[in-house]
Amino acid sequence: MKPMIRILLVDDDDLFRQMLHTTLKRFGYDVVAARNGNEALALHQREPFDLIMTDLIMPEKEGLETIRDLRRQKPDMKIIAMSGGARTIVGDHLKMAKAMGAAQVLAKPFSNQEMMEAIEATLGKAQ
Amino acid sequence: MERPLHFLHLEDDPNDLELVRATLESEGLMCDVEAASSREEFNAALERGGFDLILSDFTLPDFDGLSALRMSRAKAPEIPFILVSGTMGEEAAIESLQSGATDYVLKHRLSRLVPAVRRTLRESEERGKRRQAEEALQREQQFLKAVLESLEAGVVACDSRGVLTVFNPAAREFHGMSATPIPSEEWARHFDLYHPDGKTPMEKHAVPLFRALQGEHVRGAELMIVPKSGPARTLLVSGQPIFDAGGTKLGAVVALHDITERKQLEGQLQQAQKMEAIGQLAGGIAHDFNNILGAIIGYTELAKQDADGNEAVLQSLEAVGTASQRATGLVRQILAFSRQEDQERKPIQLVQVISEALKLLRATLPSAIEVRTTLDETASLVLADATQIHQIVMNLATNASHAMKDSPGVLDVKLTGIDVDANFARTQMDLRPGRYVRLSVSDTGHGMDRTTLDRIFEPFFTTKPPGKGSGMGLSTVLGITKSHHGAIIVYSQPGEGTAFHLYFPALDDVTEEVELHSGAVPRGHGERILFVDDEEPLAQWGQNALERLGYDVTSRTDVLEAIAMMGEQPGRFDLVVTDMSMPVMNGVTLSQRLLQIRADLPIILTTGYVASMTEASVREFGIRGLLVKPNTIQSLAEAVHRVLTQTKVP
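Chain order of the listed sequences is A and B. So the first sequence is numbered by this note's numbering: it starts at 1 and just counts up by one. So the second sequence is numbered by this note's numbering: it starts at 1001 and just counts up by one.
Each computed DMTMM-like pair below joins lysine to aspartate or glutamate, with the alpha-carbon atoms no more than 25 Å apart:
(1) 98/A / 1600/B
(2) 1405/B / 1496/B
(3) 1304/B / 30/A
(4) 1414/B / 1377/B
(5) 25/A / 1308/B
(6) 1304/B / 14/A
(7) 1346/B / 1558/B
(8) 25/A / 1301/B
(9) 98/A / 1535/B
(10) 25/A / 1318/B
(11) 98/A / 1385/B
(12) 1304/B / 120/A
(13) 98/A / 1561/B
(14) 1405/B / 1356/B
(15) 78/A / 60/A
(16) 61/A / 1620/B
(17) 74/A / 1620/B
(18) 1304/B / 1318/B
(19) 1204/B / 1222/B
(20) 98/A / 1534/B
(21) 1464/B / 1412/B
(22) 1304/B / 117/A
(23) 1482/B / 1261/B
(24) 25/A / 1306/B
(25) 98/A / 60/A
(26) 1482/B / 1449/B
(27) 98/A / 1620/B
(28) 61/A / 1288/B
(29) 98/A / 1558/B
(30) 98/A / 62/A
(31) 98/A / 1288/B
(32) 74/A / 50/A
(33) 78/A / 1620/B
(34) 1304/B / 114/A
(35) 1414/B / 1376/B
(36) 1482/B / 1385/B
(37) 1346/B / 1419/B
Taking beta-carbon pairs under 8 Å as the criterion, some of the chain B residues facing chain A (in silico):
(38) 1305
(39) 1328
(40) 1581
Hint data in this document are derived by calculation from the structure and do not stem from the laboratory. Backbone N, C-alpha and C define an ideal beta-carbon position, used for all residues, glycine too.
Chain A extracted, bound-state conformation:
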């Protein structure tokens, strides 16, 4: 049997994060959740992940900054960026995330199908 894929989920919105946590587990992933960029970086240093799914607009440490620092720690880190917009244009913000090395981007709200396609596209490329 293939080893479980480990995903680090980063989002400051409790409800959304808990939903995604449950959903990802249902799809058979091993999920660890963080509430902001700082927590994510600390977890990432302690243990390896196959994929990081991160929100972009968060207190304390912004998503774009988080992506930059994660990739400094591990340049080939697989990252999916998610955003619900506000304070900026959704598209441009997600484009920036892509420019900074996110493999896929998801505009909130998204369906399970859209999410799975993004995960498979990211990890499929890796494997």
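Starting from the known structure of chain A, arrange chain B on it as the hints suggest.
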């Protein structure tokens, strides 16, 4: 020394000539005499003119004193005329005085001559002074009249009884009255005065001229004047009573300044600020909503898996899903209003997009509505998002159709190229002088009153019954138009239909030529620039613009070609200007690739919309400058100059 007395003396007897002269000089009057002894000589002397006085004999061989008097009154009425005669009778003397002679002196009483001459000269001098004073007064009045007539401000003055004495042309224009004077009791037939709200009629005691006449110094009073003929205006009025040197009240004066444009702009600014605030609020709510909707949609999908095939539960969850999708659509619209939605702007012909939208619309519009279109095929390209323009046409046309729903009507859609001049631009906050493409959508429906008109762009404002409209239609139109750097002007009257005019900046804005030659634009000196944009027309525009500014420019639409050129010869360019959104590779990634080739390469990023990007944030990637589209030659020239100058400084 006193100037000698220069006079003309009509006299045929040389002895008498000498006698008169001696008499005058004996009393200290120096004489400069010009003698004439005939009609011809007298006439010739009068033609030459310049005399202080004329003395004349009464009887001459072929001429006479009365004829000479008439001649001189006709030719030089201002020169005093004294008859000096040995033979004049009383009747002749009276006739001469009636004909305009100043005086007469009998030769046998020549002692009267000197006092008569002196008195005459004194009176003549006084008359001269009076005439000068009158002329000066007249000049002053003419000057004052010219000043009043050329003033842009209106000036109205009245005397102490309230009768109007001054009403300059500007004031007449404000009051919608002709240049001819109109009695004050007829004024009310020509105009109405209101308080600044434009609704409350102004009572007599509140009218500034009346207040000034009561002794008040009126400052900063605002009123609205609505002439029976001519446009309504908002006037700023100051005024005060007028007193003479002794403190007696002469009347009052007011100065009227037309502040209609300023008021209009203030209103627009207020409206824009309100929209901005609502936009920010809506954008913030949208962000939270997307998270909430994400959770609802996600949990709905989880619940469906857990429903264990229970049809009733599945149907309910399906409904939750459908409702969530509708909410998602609404949030997208809010984001479009607050201009936070992504857009793909390209140079497009609005004609095509509008025609397509109208084709779709015709099928859904009631048959009673006649659609008229006048679309100028030659209107300029516009940098726009076709999907969003499509949306604008649909929203406006749908509203128009609703406004005409119960009766036959006309939906008129026009597209024209238009030059916005400085005068018009001054009255519209969002317009700059230059070339625009104007989309006009008008209907013959029920129209709107002022109160409704003020609120139509607010999100969730709707005149439709609950559940019939989202209230987002016009908000979306405004958001989209503004994100295209455009402007909306709405005209509407209850019962007379509504017209929306949307202005989009033309891509080939001709004013840039003017800017380019104004001398304020920094220019290049052959610096080598690579201009990258995947849109051919934009790449071409950039190349032309920078070449005209004096740079050596290469443009590319293919990022890979651009990278290859740099790879072959890293020192080939002094600066790269690249677009942000390109299909193969975006501007940031391209910049990173180029910086890997040459770390100190100056790069400027251009982008359609950048709430999230700032100069500081792109600098993280080593990019030196950020330029927001649509960029003018001015802004491009300044950014390029700035980055190149920074680079030169060690």
